[in-house]
Structures are given as structure tokens and as C-alpha cells.
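S.K.: Generate coordinates for the entire structure from the input sequences, incorporating the hints supplied.
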Amino acid sequence: MIILNQDFKTIQLAVYTTQEDEITWRSYRRVLPYLLVNQTEKIKTKREMSEYLENLYEAYFSVQSEVIGNLYITSIILTCIHPNFVDDPTYFDQIVNLFKAVVNPKHNLSASIFEEEKRNLIERWQTLKENKQAYGFQNFSQHFYVESENKISVGGRLSDVKKMSYDSLNQVIDAFNDSPRSYVFNGRFSQELITELNSTFTESNSNNVKPTLVVKRKSRTKTHIDRLEMNQALLYLGYRLPILRTDELNDAAILFNTILGGYANSRLFRIIREEMGLCYAINSIYNNMQGSIVIYAGVNQKERDKSIAAIRGVVHHLVTAGITEEELNEAKENQIHSLKSSFDMQSFQTKRAFSSALFPPVLTLEKRIDKINSVTKKDLEVVANALEFETLYVLQGETDEDNL
Amino acid sequence: MKTIYNRRFDDTVYQIKLRNGMQVHILPKDKPFLSTFVTLSVPFGGLALQFIVDEKIETIPAGSAHFFEHKIFAMPNGEDAFSLFSSLGLDANAMTSYTETAYLFKTTNGLLPGLKLLLEMIDNPHFTNENIAVEKQIIAEELDMYLDDIDTVMTNNLYENMYHNHPIKHDIGGTKKSIQEIDKETLNRIYETFYQFNQRILVIAGNVDIKELRDFFHTYDQNNNVKAAKFKIFYPKEPKSVVKKHEVKQMPVFSPKLMLGFKLTSPKKTTEAIKEHIAAQILLNLLFGKSSSTYQQLLEEKLINSQFHCGANQEHNAFFIAFYAETKYPSKLKKAIANIIFNFEEYISQSAFERNKRSFIGQFIYLLNNVDRKAMLYASYLHKRIPLYDVLDIQQSITYEYVIEFARKIKKQNMASLIYIKPKLSKVEK
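Protein chains in written order, with our numbering: chain S, -13 to 390; chain R, 8 to 437.
Just so you know, not all the hints are guaranteed correct.
[Stated by the list, open to error] EDC-like cross-link-like pairs, simulated, lysine to aspartate or glutamate; straight-line CA separation at most 20 Å:
(1) Lys429/R with Glu215/S
(2) Lys364/R with Glu37/S
(3) Lys256/R with Glu215/S
Derived from the structure by calculation, the hints contain no laboratory data.
M.R.: In C-alpha cells:
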């Protein structure tokens, strides 16, 4: 159990459960937290739960499912205002009891809530094409992670969702209840509140859980175009970068990505957007759980080929000509700023408390800053040389310019 | 420097009014808080398309405020302020709403250099035909990006169908055509008119050294003491009717969608307008919120799905409530929504109203917990001459009877407009 005694006006109670990832169970595991936060043994319907939360001064649940290496992680967080703002002396007890009931589910959850949430998931799948950026990314992943489970969404496939049955739910609840769990409580707690939390929640086996990360497999270079009725061309360029969060070069890879397309003065932003005027949105994202960098840009369809060539040119130049000391220092400043400001955000703190424990040793802010500052130009050269282009995916409207 | 302490929320605000007219508001948060958020804003946004100076009406193209926001980052020495913010290790951004433009940055180690750069940028505009031409390309891509977003397209369409003359019918970013009309003169005229010192509000929230800031602004004020000219944003008269009551369109969507708006007249007095806006939100929550019986009923009848939502908007005197739903039964749903609104007495209760008031207090505290959002809203209400903490008092002054009276107003004015989007198979998918 981690208690972060921080001076916020709100309190967060969070639980993180970890299970071995299994593709066939992803859809159930994705839907389960949505079922849990909408009912308890005493609160039978979604409407009753909404009323209950409104009465608790708009307390709210947030849930997340993610795959980290071989682990499937489910988090449930209840956020409420600090009891000092409320006249009711039972307020915190009500919050604690609600959270306890939600994260320790019994069998026989409501079948109608299950059907409703299942329907919601199916509808989101069916309308994915309307969110072009997300649809594009989903399709890109199918090509980029071709021989990996990463190509399958954290919520499973549409066919898996459709097959979900209420009868299997108790098995999923049992697995959830038996899985190792970590609690994180974040807020301004009196000794009395800490005692209450300690006596109510017990962790299980959470210290032994550590994910195994594997770099995405190599695949041959390929290009794929999909078409929808749309104005822009969305470009996704996938690069393999075999450096993971657990590797020595992780900070160097983060800084490399920052310089490439990770912030507002990155090479891609400056050259492709500001100098060439080819796009409004452009960025690159480094995934240190899978070992990849993905560049995204929304460009004018007529400028598609010019944009692709320009983006690849920026990457090529960065790899071959290297970076300047000034760029590296600016990227470090940027990363240190992001890190420090994240320490002011309650939700980041809560999440970090859990994820740092997954990847020991847990470092203080000062140590993290020292690590970033110790990265050299030479380190970035090693990172640059490890970068391999693999996949170009384009989602665009109709145009005569079909061949890439 | 004036100090105001709010006991209820344990918050202190320091206020400095500079001789040049600019207001500075400091909302400190003690260590171990590490970051500081800064927003400099002016009450000039997408709605300001016509304005009166020296008794003459001047017109600027749609999208001008947003274009200006992009282009002010060009510095006189040819550098880009965005890059300069980054080189200081700061996280900068800007945004244009219907009624405001704001320039923001967040820092953990360079507040004073960041403030100096921000004020230097705002004080020294540098527009050239070349930098304007490149910006037109970038903004055209931004507009295309939004045109690919069905919700944005539908929302703009609904506004066009509700408003005859009010500038809310124009997208904040303008159109690819309207931005072509923007030139150096447009941007200079905007600067002279809307960016005067007495229009600017600077809010600094988070980790600060008050003495250091007082000294900084003392020096800045000595260097920048200018008289301001007067102007007024002109809003054409808006008829009490909608442009189109009903429109059906085919678009490349995969599930049919509906937007339904009820146009309303807005009170002239700001406090009263804010009160009605909050009353509208309370009413919608009572009638269509997830804890309402009607929401559940609409779900059970399969007239809506989980994507259903509604809200009240108030942008200057454009005031309306709007509903969004994915539905196969637009006429039935419209009838059902109208029936609930027009027979509201059957669906609301004093106890639900009290619960809603509690919920608003919670939302207000969440807001105060987030330094960035708090600073933004603080500035936004200040442009309307309302202190942020007064908003909670306004909300708490709303009675059950007041909400009922407001519901009667919707029924009486009955100015509804519906847009329904039917799926069409695009050529590439046939």
C-alpha cells in the first residue's frame, strides 16, 4: 500500500491489479471495470450509482486497462473532494466503503449492465472509422506490429467482444479478485484517515509482480494505403527502436524522440510545419514498452508524397548528421520540466507511484533529473543508429495519386 | 498590490493594476508545488468580426482572431517565439475561443524569463507578407483537420441553422476562403484595437515569489505606459427565430446522428446571464443527466445510446441548449426530448435539485485543484468582470423556483433546430 500524503483539495483512492495477459480474455478484462464502477451489492443500477456519486459531491470513478509487456493491468480510481470541505462527518467513511465495495466484487453482477456495456463496446468498434486519427492508428498497428500481440487492441478484437457471454463473467471476477493488487492513496490525510485506510485495505502479492518487456519483432519494410471520404491524408511512419524502459539507453531514447518530434521546437515541428507549412499536426511518440517510434502527421493530400519525403529526410538527417549540444540541452530542459510539472498533478503522482514500483529501483525526482542530465551526444548517436524504418501507413481520401 | 483571502477554499489572490491599465493576478500555491502556469488573455475572439472605432464600423474576415494568435509568435528578429519558449525549457501554447484569445506557458524554472519573452512577443508584433503566407498553409491544414471531424462539422452546421446574423454562425478558425483575405493590415488593425494594455489580463498561478513579481511588474509598467483608444465589438441584431428548423444530410458516418438545439434569448446583465447559464446546466442535468429517470427511459427505448449528451452554451448573447445523440429514430427522439422539456414538472424534484447543487460544489473544488484550469477560468470570468469565487455564490443563490422559471422560458420561446446526419457510403467504399 502506498500513501502519498500530498496537499491537494481532492483525494484519490486507487487500486491496480495485474494479471498475465491473455488475448482471449482481453475483451472481458476491458469491460469488467466498467461493470464494477456502476454497481455494488447495495447499489443495483447505474442510475442509483450516479445519484450516490452526486450526493458525494460529484465523486467520480475513472478506469483504465493497459498491457505492459506480459501483464494486463486494470486500474480503478475514485476521486472525491477533501472531507474538510464537507459538513458531513461520515463523508470519508462513505467514500471508503464505496471504493471497498467496488474493488471487491461478488458474483452475480447485473446482466443488463453487462449487456449495455458490451453493446457500447461494439458500437465504439463499429464507429471507429468516424474518429479518423484513431482508426488510422488502429490500422497502422495491424501492419506495424504484424507478428505481435500489440496489434490487437487492449480491449480485444470486435469478434471477441461479440462473443462475450454473461455466463463467463464470474470466472473473470474470480481472476480479478485473486490477482495481485496494489493500492495507492493520494491526498491530505490525517493520522485518523490513514488508520482507516490501513485497516480497510489489504494488498496481495503485489511486490513480486514485474513485467517482462520484449522489443517488437523485426518486419520487412512496407507501405499501405487505406481510403475514406476525407480531406486530409494522415501519415503514420513506424520505426523499430530496440530500446526498452528497462534499458540503460531509455533516457537517451526519450531525448532522441524529444528532438525528433516530441515537443514544440522539435525538428519535425520546426521544419515540416513551421518552415515548409506542410501540416498543422505533427509529432513522434516513443513507446518504451515495445521499442518503437511512430511519427504522425495530418497533411494536404496533394502534398502527400512531398510530406513523406520531407519527414523521412528529417529523420535521415537526424540519424546521419547527428544533433547539436544545444539541441540536447534544450531537450533535457524540456524533459526535466515535464517531469517536474507532472509531480504537481495528482493523477500523475498516483499512477507513477504504481508504475515506478513495477520497474525498480524507485528513484527520487533529483535522481531522475541526474539521470537525464547524464545523457551524452554519444548516447544519442547509439540510439540513432539503432533506428530502423519499417512501415508507412496512409489514410486518405480519394485522389489520383495512389502510388507511393 | 491588493491581497484577497478566501477562507472557504483557503486560497489567496494578489492583484496588481499597472498604470498602463493591464491587470496582473497572482494565485500562489506553496511548495512543494513546483510549476507555475501563466496566461495572458484579451477579450477578443472569433465573434469579433465587426467593431466600432470613432463611430465607424470596421469588418475583419472570419478566422482573424485565430490567425492573429498563430502569427503573433513571429518575432521582429525573424525568430519564432514558440521556439524561444522551448529553448527556455517552457511549455507554451495559445488558444482562441469565441470571446477570448489566450497565450499560455508553464514553467518549473524560468518564470521571469518566460514572462519577459511573453510580454516582448505581445508588445512587438511583427507581421510580414512572407510569414503570413506560410501561416495560411498551416491554418488551411488545421481547418481541413476539423472538417474531417464529424462532430465539429455538425456543431458548426447547427449554429448556422440556429443563427441568422450572430457571428457564432462562423467557425472560430474561419474558412479556407476567408483566411485568404487576411493580410498585414488586418493583423495590425487587430493589434491596435484589441491588444491595448487595458484589455490584457495576466494570471500567474502556482509556485511564485511575490516580491520578485512585484519588482518585475514595477519595472515593466515604467517602460510601457500608454493611453488607450476606445472601441466596441458590434453584434448585429438577431431575430427571435431559427434559420432552419430541420435539416437532413448524408455524410460519411457509420451511425446516424442527431443534434438538436434550442435557441434562447440571453439576459443583458452579466451576472444574470451567468445565473441563467448555470440554471440551464442544472435543468439539463435534472432532466437528462445519468441520474434522471428520463435518461434511463430513453436508453431503454433505444432512442439514445451511451454517446448521448447535452449542454448549455453562452457566447456573448448567443445562448442555447443543445443535444447530441446517435439514433435511428430522429423524429421520435426529438419529440421525446421536447416532451420532457415542455412537461418538465413531471420529471424534476426538489431533492434531485439539492443533490445537483452539492454536485456543483464538488465540480468547483475539482477546478480549484487544477492550477491551469483555475487560472484560465479565473481570467475568463474576470473579462466578464466576475471574480471566480463569486461563481459559486451565484450558483448557490439559484433556487428550485428559479430553475422552473427558466424551464418555462425554453417552452415559451420554443426556437428549436434539428440536424440529422444519415450514413452514406463514400465512393471509395462502394
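S.K.: Between Lys429/R and Glu215/S, does the CA-CA distance stay at or below 20 Å?
M.R.: The given pair, whose Cα atoms are some 15 Å apart, holds under the 20 Å limit.
S.K.: Holds or violated: Lys364/R and Glu37/S, Cα atoms, limit 20 Å.
M.R.: Status holds; Cα separation ~12 Å.
S.K.: What's the verdict on Lys256/R and Glu215/S, does the C-alpha distance respect the 20 Å limit or exceed it?
M.R.: 15 Å, holds
Comparing the model with each numbered hint stated earlier shows that all of them hold.
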